[in-house]
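Here is how the chains run, residue by residue.
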Amino acid sequence: MAFVSEPPRQGFRLSQLLYDTRYRSMTIQVVVLMMFMAVAAWLVDNTINNLADRGKDFNFSFLGVRSGYDIGQRLIAYDSDSTHARAMLVGLLNTLLVSFLGCIVATLIGVFVGVLRLSKNWLVSRLMTLYVEIFRNIPLLLWILIIFAAFTEIAPLPNAFKEGGGASLLLFDSVAITNRYTAVPDPLFSRSLGNIDIGIFLISADLLAIVAAVAAGWYVNRLVLRRATVVQNATGVRPVTWWKTLALWTLPGILTLAALGFHLGLPTLKGFNFTGGINVTNSLMALWLALSLYTGAFIAEIVRAGVMAVSHGQTEAAYALGLRPGRTMSLVILPQALRVIIPPLISQFLNLTKNSSLAIATGYLDLRGTLGGITLNQTGRELETVLLMMLIYLVLSLMISGAMNVYNASVKLKER
Amino acid sequence: MKKSVFFGTLTAAGLVAGFAAAGTLDDVKARGELNCGVNTGLVGFAAPDANGNWSGFDVAICKAVAAAVLGDPNKVKYVPTSGQTRFTALASGEVDVLARNSTWTFLRDNDLKLDFVGVNYYDGQGFMVPKALGVSSAKELDGATICIQTGTTTELNLADFFKANNMTYQPIAIDSNAEGEQQYLAGACDAYTTDASGLAATRAAFASPGDHIILPEIISKEPLGPAVRHGDNQWGDIVRWTLNALIAAEEYGVTSANLEELSKGSANPEIDRLLGTAGDLGPMLGLDNLWAKRAIAAGGNYGEIFAATIGESTPIALARGLNAQWTQGGLLYTPPFR
Numbered sequence: 001m002a003f004v005s006e007p008p009r010q011g012f013r014l015s016q017l018l019y020d021t022r023y024r025s026m027t028i029q030v031v032v033l034m035m036f037m038a039v040a041a042w043l044v045d046n047t048i049n050n051l052a053d054r055g056k057d058f059n060f061s062f063l064g065v066r067s068g069y070d071i072g073q074r075l076i077a078y079d080s081d082s083t084h085a086r087a088m089l090v091g092l093l094n095t096l097l098v099s100f101l102g103c104i105v106a107t108l109i110g111v112f113v114g115v116l117r118l119s120k121n122w123l124v125s126r127l128m129t130l131y132v133e134i135f136r137n138i139p140l141l142l143w144i145l146i147i148f149a150a151f152t153e154i155a156p157l158p159n160a161f162k163e164g165g166g167a168s169l170l171l172f173d174s175v176a177i178t179n180r181y182t183a184v185p186d187p188l189f190s191r192s193l194g195n196i197d198i199g200i201f202l203i204s205a206d207l208l209a210i211v212a213a214v215a216a217g218w219y220v221n222r223l224v225l226r227r228a229t230v231v232q233n234a235t236g237v238r239p240v241t242w243w244k245t246l247a248l249w250t251l252p253g254i255l256t257l258a259a260l261g262f263h264l265g266l267p268t269l270k271g272f273n274f275t276g277g278i279n280v281t282n283s284l285m286a287l288w289l290a291l292s293l294y295t296g297a298f299i300a301e302i303v304r305a306g307v308m309a310v311s312h313g314q315t316e317a318a319y320a321l322g323l324r325p326g327r328t329m330s331l332v333i334l335p336q337a338l339r340v341i342i343p344p345l346i347s348q349f350l351n352l353t354k355n356s357s358l359a360i361a362t363g364y365l366d367l368r369g370t371l372g373g374i375t376l377n378q379t380g381r382e383l384e385t386v387l388l389m390m391l392i393y394l395v396l397s398l399m400i401s402g403a404m405n406v407y408n409a410s411v412k413l414k415e416r
Numbered sequence: 001m002k003k004s005v006f007f008g009t010l011t012a013a014g015l016v017a018g019f020a021a022a023g024t025l026d027d028v029k030a031r032g033e034l035n036c037g038v039n040t041g042l043v044g045f046a047a048p049d050a051n052g053n054w055s056g057f058d059v060a061i062c063k064a065v066a067a068a069v070l071g072d073p074n075k076v077k078y079v080p081t082s083g084q085t086r087f088t089a090l091a092s093g094e095v096d097v098l099a100r101n102s103t104w105t106f107l108r109d110n111d112l113k114l115d116f117v118g119v120n121y122y123d124g125q126g127f128m129v130p131k132a133l134g135v136s137s138a139k140e141l142d143g144a145t146i147c148i149q150t151g152t153t154t155e156l157n158l159a160d161f162f163k164a165n166n167m168t169y170q171p172i173a174i175d176s177n178a179e180g181e182q183q184y185l186a187g188a189c190d191a192y193t194t195d196a197s198g199l200a201a202t203r204a205a206f207a208s209p210g211d212h213i214i215l216p217e218i219i220s221k222e223p224l225g226p227a228v229r230h231g232d233n234q235w236g237d238i239v240r241w242t243l244n245a246l247i248a249a250e251e252y253g254v255t256s257a258n259l260e261e262l263s264k265g266s267a268n269p270e271i272d273r274l275l276g277t278a279g280d281l282g283p284m285l286g287l288d289n290l291w292a293k294r295a296i297a298a299g300g301n302y303g304e305i306f307a308a309t310i311g312e313s314t315p316i317a318l319a320r321g322l323n324a325q326w327t328q329g330g331l332l333y334t335p336p337f338r
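Listed in order, the protein sequences are those of chains R and U.
Just so we're aligned: 183 in the working numbering is position 183 of the first sequence, and the numbers increase by one with no gaps anywhere.
Just so we're aligned: 18 in the working numbering is position 18 of the second sequence, and the numbers increase by one with no gaps anywhere.
These aren't lab readings, by the way, just hints derived from the structure by calculation.
Remember, it's a predicted structure, so these values are computed and weren't measured experimentally.
One or more hints might be untrue.
[What the hints assert, rightly or not] Chain R stretches covered by chain U per the calculated footprint, using a threshold of three residues with CB under 8 angstroms from any CB of chain U: (1) 65–71; (2) 151–158; (3) 261–273; (4) 372–382.
[As the list claims (entries may be wrong)] Under 10 angstroms between C-beta atoms, here's a sample of chain R residues computed to sit facing chain U: (5) G55; (6) R226; (7) N279; (8) L365.
Here a beta-carbon is modelled for each residue, glycine too, at the ideal position from N, C-alpha and C.
Start from the sequences, fold in the hints, and give me the full structure.
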């Protein structure tokens, strides 16, 4: 009688780790992990030894020491008597400012250009192609430098605004574009509510009041629109709401401004420079513009891809319903395209934020300029400052990414 | 086989570690070349010409050290460093000596673990403004926009000076002297501030130097000197005494013209010891006896180097001032060679 002999029952042998396909992948993973950990341990150990050899320690106490340097653009109170930690905060806020402004403008440019690139108008679509190809194929640093150079070389000196100097202010004597900064009027409040001290810095109560008023108007407007929809669903006729919307968008803000005694402090030339207004430095303007134009080109491509991903049948269906091309785009195509657009858009926002560390090219003191530049140099704490800077950028990126993921969840296809 | 690779790696790592721990002198000799950290470009102090040959006051120190240690003043690799990268370059071992108009301060000497081996130029921070601005004193700069090199002591002096005089200013941070020059000439700042010697050197490179003035106020002490890593005393001594040899040579009247003649023997025993004709100072440093002679032969004594690179006959036109010998009312005073 013939029967298939059972495979010999043996215990586990070491060679199985290498020759038995059930275990081999596990073996490889363990070996790779061990090698990775060994390299990491070697790096850390090497760093510690080298620091010890040089007699340096690893501590962050320098953050509490007087910084001793001044920063041109500061959003919170700061002078040379402040600590390095505060200089870091000033730099971080500058980074946040330019990233925030840059993300907004880059998105606007991107959506605008991306949609226009699909235009049937030959000239418009080619112009937009030209823009995209030029901006995304030249390194960002060069754009920053050239835009900054254009500001410094082309705009007039502040001195030129003197009597007979040849330059004049724009917009009813309120804005002066000079080769150092753009002087714009300063919003002032004659019945100011003062500032709220939250420990680290002051927050203008006026600003909070205005934001609260506008937010309230926006909320009431939503209620009005929701009611209009309810009425429309019940009766088939949508009540006219545009004047309510307009009033709710504008009136709360204007009334608050009036109540606070809003007026503009005009920039005037005094001594070397303009005073009385806000001087928005050219380094910020150049950086902002360069980051926006550069990232905008990438976003335009993302938007174009997103729009093209929506099947043409959607457009035809919208036309068949009698929607005009503009409304088709804003009501039918873009909402669907957003699902494709948002995830890569997050990466672009992250890129823009990280790219803002090129600010040093224009002398804009962002986080890289204060903590990773002057503080690093004056204290000689390379390892600590760079690690701290990496940590901050990491947290910043994760926060942006998290916020955008929440938004993504709200626009993505709802599957029920 | 795996084992042998592993141990091989270990051995290699151990060798590298051991090599790094050896003295800088041995490193330089083994390499046959001196890595010298210099300015990225400051006419008169350190700047490459059209053929890429570096020359200048700081470069002369590099050449003298290379001549003393390696016997050839041209065996130098110049590593241009910015105000931001210079100390890291030195600390990491990228350069052996930093001869880059760097100010000797307590913090740099102790906290950054560097050793400044001496002073080759006594300087102070000043301001340069266009003549057309109509300013004749730094006290009139209230509200001005000022270009300043970031990562330097000047940044801190500037903040202190304006604070002490109760004035405000708008700083514009720049990364290198070239960028500062461009920003200043474009009118992006009213004044440019750095060490007075640097201002003179920068102005000399302008198309019309006469349109700019250096204000009379000197707001700080800036002793500039070569620096080495802390902890390698032998190497520090070599650089220190090479600098001293150049200064002493001027004091004793040893020039590149009479060097050969004096090295045959002279009436002054100090000169004999310096040039290695008598005594054995060289071996005490770990070098041979003719080290100082070669260092002086590289570019002449301190006075000759000064005159050739930044002195009154050059476009930079700096007077000796504080940098004269102590016998002439200056601050240069080298310890005796005995």
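ask   = Are at least 3 residues of the segment 261–273 of chain R within less than 8 angstroms of chain U when you compare beta carbons?
value = holds (count 4)
request  = Answer holds if the nearest beta-carbon of chain U is closer than 10 angstroms to that of N279 (chain R); otherwise answer violated.
outcome  = holds (8 angstroms)
inquiry  = Under 10 angstroms is the threshold here; is the Cβ of L365 (chain R) close enough to any Cβ of chain U for the hint to stand?
reply    = holds (6 angstroms)
inquiry  = Is the coverage entry for the segment 151–158 of chain R by chain U consistent with the three-residue Cβ rule at 8 angstroms?
reply    = Contact hint for the segment 151–158 of chain R vs chain U: holds, 3 residues under 8 angstroms.
request  = Mind checking the CB of R226 (chain R) against every CB in chain U and telling me if the closest is under 10 angstroms?
outcome  = Check failed: Cβ of R226 (chain R) comes no nearer than 50 angstroms to chain U, outside 10 angstroms.
message = Three residues or more, CB to CB closer than 8 angstroms: is that satisfied between the segment 372–382 of chain R and chain U?
response = holds (count 8)
query = Minimum Cβ distance from G55 (chain R) to chain U below 10 angstroms?
reply = Holds, because the Cβ-Cβ distance from G55 (chain R) to chain U comes to roughly 5 angstroms (cut-off 10 angstroms).
message = Using C-beta distances, would you say chain U covers the segment 65–71 of chain R, given that this needs three or more residues below 8 angstroms?
response = Contact hint for the segment 65–71 of chain R vs chain U: holds, 4 residues under 8 angstroms.
This entry does not satisfy hint 6, going by the numbered hints stated previously; all others are met.
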